[in-house]
Amino acid sequence: MNCDDARSAFLSGDAGQRELDHLGSCSDCRMEWEALETSRQLLDNPALWEEPSPDLEGRVVALIGGTPEQTTPTRSRARMWVLGGGGVAAALVGVFLWIGLSSAGPDWEVDLPGTAEAPDASGVVRGWNQPSGTRVALDIEGLPPAPDGSLYEFWFSSGELHISAGTFAAPESVELSVGVSRADFSRLWITLEPIDEDESPSGLNVMDTG
Amino acid sequence: MGEGSYISTGEPALKSVDLERFAAGEPDAVRQLYQLYGRAVFTVAYSSLRDRGLAEEAVQLTFLHAWRAADRFDVDRDPKPWLYAIARRAAVDVYRRERRHSGGVPLESDADIAILPKSFETTWEAWEVRTALDQMSRSQREVIEATHFLGLSQEEAAEKLGVAVGTIKSRSHRAHRKLAALLSHLQEATA
Ligand SMILES: [Zn+2]
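Protein chains in written order, with my numbering: chain S, 1 to 210; chain E, 1 to 191.
Chain S with its partners taken away, still in its complex shape (with noise of 0.2 angstroms):
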């Protein structure tokens, strides 16, 4: 017997008496057998044999960069602002406005209503799907422009994962662009969020598809 099949054999459970009396009759097993025990508890984890979905790997390189088509430097530069990829992104990104946008007819329209935050306000969201994300139209009623030191964000979320599509002072005729797709997201909200570091939400959600 040598000190390979019996370690194997041990390893893969499948050793017998001949095995099992190698590896403590043999110096240079027992030496290694704490090594062997422990490999073999750190294997039987099931989680080590899951496999992600296919698809996880485009999902991941669509929410950070973009599909490979939208490569250009232009793109990725307003992508990084627009979600934040600097720490005082937050307080220098504008509202994109894209004169013409509203010339066709949006791909698809949700209601925003306020929240208990605030009351009075009430909007709707027209969406523009396109190849590298989406555009969106807000029309907004009844909600005060944004306090001295602070913005109001846009933020598509699915679960906790937030994606800010920009910030904005005046809540009339916004619009506003973000490189993920709506379909991925499935709650659209407005918060208030004070001017500094923080590139996450400040949870004083003031708008809300719920």
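In case anyone wonders, no lab produced these hints; they're calculated from the structure.
This structure is a prediction, so every number in the text was calculated from the model and none was measured.
There is no bait here: all hints are sound.
Covered by chain S, per the in silico footprint, the following chain E stretches (three or more residues, Cβ under 8 angstroms):
1. 34–45
2. 55–68
Simulated coverage check for chain E against chain S, where a stretch passes if three residues somewhere in it have a Cβ under 8 angstroms from a Cβ of chain S:
3. 90–97
4. 117–126
5. 129–140
6. 144–151
7. 163–174
8. 177–184
C-beta: ideal position from N, C-alpha, C; glycine also.
Assemble chain E with the ligand onto chain S, guided by the hints.
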């Protein structure tokens, strides 16, 4: 055993990743980082959350958070421990959100939610083993999978993989030696 008792492995990155291009959101750099570490990130998420959908959400969060933090990361360092820390954090975030939503746990009781299940204790080992498996050849990994995960005997593994039993044995030797070398730091830490 707390995770703090492990020291960074000191082994080189699987391959160098262009983190500057990743930070710029360039799709092929994102793809490259995912191909190197995506499965290991998924393993961390799946072994702690035990749910495929939640695990995949945690993977997306991990890469998104890594991308947002990438411009502050020193590109000369090995990204492996850094990405692991982000992955674990993302799994914890997803777990806590699910607890809040499903268990009717009030938002205030963070102390309660702060207790993580046992499955979170072994995420570092899971990460290390998965990255080690990913560094092995496909044929070596297949042997380990057949004997450890599917629970096949060496004879059954030989039949399943269409090779001789002797081939299974020699592959198994090589695979376990390589794995032991890649995981020796874990064994020292666990001993
Ligand atoms: Zn021996």
